[in-house]
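Undergrad: So the chains spell out like this:
There are 2 protein chains.
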Amino acid sequence: MGQVRHITLPAGFVAAGVHCGIKTTGAEDLAVIVAEKSVPAAILTTSNQVVGAPVIQCRKILPKGYGKIRGIVINSGVANVCTGKQGLTDAENMAGQTAKLIDAQAGEILVASTGVIGHPLPMSKIRRGIAAAVKSLGRGNDSSVVRAIMTTDTKEKSAVVQTRIGGETVTLAGIVKGAGMIAPSLATMISVITTDAKIAPSLLYRTFKAATAETFNAVTIDSDQSTSDTAIVMASGLAGGKIQYGTSAHRKFEDALEEVCLELALAMVRDGEGATKLIRVRVKSAATKTDAAAAAKSVANSPLFKCAIHGRDPNWGRIVMAVGKSAAKVDPNKLSVSIGGTRVYAKGQPVKFGHRTVREYLKGDTVDVEIDLGLGREKFTAYTCDLSGAYITINADYHT
Amino acid sequence: MGQVRHITLPAGFVAAGVHCGIKTTGAEDLAVIVAEKSVPAAILTTSNQVVGAPVIQCRKILPKGYGKIRGIVINSGVANVCTGKQGLTDAENMAGQTAKLIDAQAGEILVASTGVIGHPLPMSKIRRGIAAAVKSLGRGNDSSVVRAIMTTDTKEKSAVVQTRIGGETVTLAGIVKGAGMIAPSLATMISVITTDAKIAPSLLYRTFKAATAETFNAVTIDSDQSTSDTAIVMASGLAGGKIQYGTSAHRKFEDALEEVCLELALAMVRDGEGATKLIRVRVKSAATKTDAAAAAKSVANSPLFKCAIHGRDPNWGRIVMAVGKSAAKVDPNKLSVSIGGTRVYAKGQPVKFGHRTVREYLKGDTVDVEIDLGLGREKFTAYTCDLSGAYITINADYHT
Chain A
159 MGQVRHITLP AGFVAAGVHC GIKTTGAEDL AVIVAEKSVP AAILTTSNQV VGAPVIQCRK
219 ILPKGYGKIR GIVINSGVAN VCTGKQGLTD AENMAGQTAK LIDAQAGEIL VASTGVIGHP
279 LPMSKIRRGI AAAVKSLGRG NDSSVVRAIM TTDTKEKSAV VQTRIGGETV TLAGIVKGAG
339 MIAPSLATMI SVITTDAKIA PSLLYRTFKA ATAETFNAVT IDSDQSTSDT AIVMASGLAG
399 GKIQYGTSAH RKFEDALEEV CLELALAMVR DGEGATKLIR VRVKSAATKT DAAAAAKSVA
459 NSPLFKCAIH GRDPNWGRIV MAVGKSAAKV DPNKLSVSIG GTRVYAKGQP VKFGHRTVRE
519 YLKGDTVDVE IDLGLGREKF TAYTCDLSGA YITINADYHT
Chain B
159 MGQVRHITLP AGFVAAGVHC GIKTTGAEDL AVIVAEKSVP AAILTTSNQV VGAPVIQCRK
219 ILPKGYGKIR GIVINSGVAN VCTGKQGLTD AENMAGQTAK LIDAQAGEIL VASTGVIGHP
279 LPMSKIRRGI AAAVKSLGRG NDSSVVRAIM TTDTKEKSAV VQTRIGGETV TLAGIVKGAG
339 MIAPSLATMI SVITTDAKIA PSLLYRTFKA ATAETFNAVT IDSDQSTSDT AIVMASGLAG
399 GKIQYGTSAH RKFEDALEEV CLELALAMVR DGEGATKLIR VRVKSAATKT DAAAAAKSVA
459 NSPLFKCAIH GRDPNWGRIV MAVGKSAAKV DPNKLSVSIG GTRVYAKGQP VKFGHRTVRE
519 YLKGDTVDVE IDLGLGREKF TAYTCDLSGA YITINADYHT
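Protein chains in written order, with my numbering: chain A, 159 to 558; chain B, 159 to 558.
Don't read these hints as lab results, they were simulated from the structure.
Since the model is a prediction, treat every value here as computed from it, not as a measurement.
Incorrect hints may appear among the rest.
A pair counts as met if it fits within one copy or between any two copies, since identical chains are not told apart.
What the hints assert, rightly or not - Each computed DSS-like pair below joins lysine-lysine, with the alpha-carbon atoms no more than 25 Å apart:
{"hint": "1", "residue 1": "Lys283", "residue 2": "Lys367"}
{"hint": "2", "residue 1": "Lys487", "residue 2": "Lys218"}
{"hint": "3", "residue 1": "Lys521", "residue 2": "Lys226"}
{"hint": "4", "residue 1": "Lys195", "residue 2": "Lys258"}
{"hint": "5", "residue 1": "Lys537", "residue 2": "Lys410"}
{"hint": "6", "residue 1": "Lys400", "residue 2": "Lys492"}
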């Protein structure tokens, strides 16, 4: 629980996480992350048709998904989803109060909430929490910030990547909370990334979208999609030269941003509800990128496949089944499957393989599955975790 | 385990189920169901792109999905899926031997297999089994027939419905095996329905498709789709007048066939892996039928929702989430949800309701969830079961 620096490591950001009284455990439950001045920012939110009040508020502030903001206020413990008009007012007030205390405009503060659904925010606690957090803003609070956005996450999840742009070191740092659950809430992903790179809001948005396509958007815990998923990046512009589209600086920045997102995404999967293993489902030789993603995600979402991996069973039949039911173009006679580098199914035919070797491999905490569609050149990797009895316990046996 | 009549109750059919040595338990594992002469039949098979050899063989025999056949031979214990060319030859030989022994053409016998995937059929056992079954063909074996198609099904599942057509009693009877599992196999549905109704093959097919749309095709155990799903209906024509399209006799026959399919579908869900409850997810007031089905199936497939019902948690947030992530058109402000007749969410607003009452209701073995989209007149009911720790145990902890 040492004060590891991450979210405030890029120049120009301060943050604080406090306990305002929502979590009964006494753990941090409210965080404020602020840029010292108005900075370019980009936001991606859930594609679920039912969205929480904080998501609606964020979309009001950044309707195109990018613009300039000062910061974000986040609470955990109550999601402020399905809370009607009161929820919208509460989200607005959270942002408004934070803005006022840091001398920003109300339209410069984003807001996110995660936790129980259908309950109103305890606004007096939140108001006290915002006041306390703003008072504590600084560079030594990063661990309390990441703890403040956690629900049933079991680990603090952060990532730092540095790259050289314009002869200077540019830092990117991110935190994420993953598929945690406080019944009766939803699994919710929230991620905040800060960087001192110098980049225009629209290009930041475009780069962020690209960097999440095969990282955050390649992750599935249980196929259910939150009403609150929110990922935000803020760029203070205090390090490196101005990043222009299509330059090598842009490529380096995109690579670094993708690296941060991938590291956070994998940490989220490893800490998925009941997870004991990270599973990488790599589809190659697909006719199109869309096919590759569809096949990989179908396998990654298959409960039968995930149970088999949990049970260390080299059950390639379930992999073939899940590929076959996907929307991807599949020729059964060209389909091959490997588990941990061992070919178990080749061009539509079962293969004799060392079951003991594969079972031994499946004892590890990372499992690689490769599916060769034999139809083209496109590939996609989906990331998921195994499905264990603990997932059921977390989601069924713990009552509201 | 008495000899309850079902599959041979309609006039013109004989059947037998025997133990040929595939199942190590000594239970029946091979069934032959035969019409006394060539009769109209219709078949529906999985839409998975990877299909087992028996499905390929059936499609070869009935390329349009209907025609005239003499019967079907089914084994359990080995699925004959992903078995390459040998699998196709084996399926052909199963049909060929059965045809020969009952004096039929090879092209008049359908074939189905369910069980382990990727293993060749033990053909010498199967050959002995077919010979024994054909010798035992009769009207007193229905229980052994239904047991012979079971894998990890815990209950014999059958249905009988009678209706009056042309002044005569017409009988429809069906058996089904459901989401059973012998690792490393797939959940596989096989259903055989017999009737003594008089109906042309093409109309039988059309009626069967209609009768399964909101019965077999409204069922989901775990969102995974088998490579072997097969449903067959045979009509001996020995009772009632000839059924013509669009007549009241046709409507009565379709209603009766739908009733058989629904009864079998519900029995299959109740006997789903690890299931303790039947859940009926009814979506109403959808803009289109497609929307109603998409929303209902999204909820029925949501592992979070299914865990909540298992845990007797009136977690309407997960229902709203699953509706929102579906392809159905949704207006969050018009969305309402009831559980067991208790309104828990009304037009986008949480509702105060008796948690204790709903929890008490959720102790029952049948759970009704009603979702009102408030957008139109279409409706659809999806059928599923709860997700329990036993599902994980069956599919992860029991090894190959």
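Undergrad: Now tell me, hint by hint, if it's right for this structure.
TA: Status of each hint after checking the structure:
1. Lys283 / Lys367: So Lys283 and Lys367 fail the 25 Å test inside a copy (35 Å) and across (58 Å) alike.
2. Lys487 / Lys218: Intra 39 Å, inter 22 Å, cutoff 25 Å: inter-copy only.
3. Lys521 / Lys226: neither (47 Å within a copy, 52 Å between copies)
4. Lys195 / Lys258: Classified as within: same-chain Cα gap 14 Å, cross-chain 86 Å, threshold 25 Å.
5. Lys537 / Lys410: Within. Shortest intra-copy distance 22 Å satisfies the 25 Å Cα cut-off; inter-copy 52 Å does not.
6. Lys400 / Lys492: For Lys400 and Lys492, the Cα distance exceeds 25 Å both inside one copy (48 Å) and across copies (47 Å).
Comparing the model with each earlier hint shows violations of hints 1, 3 and 6; every other hint is respected.
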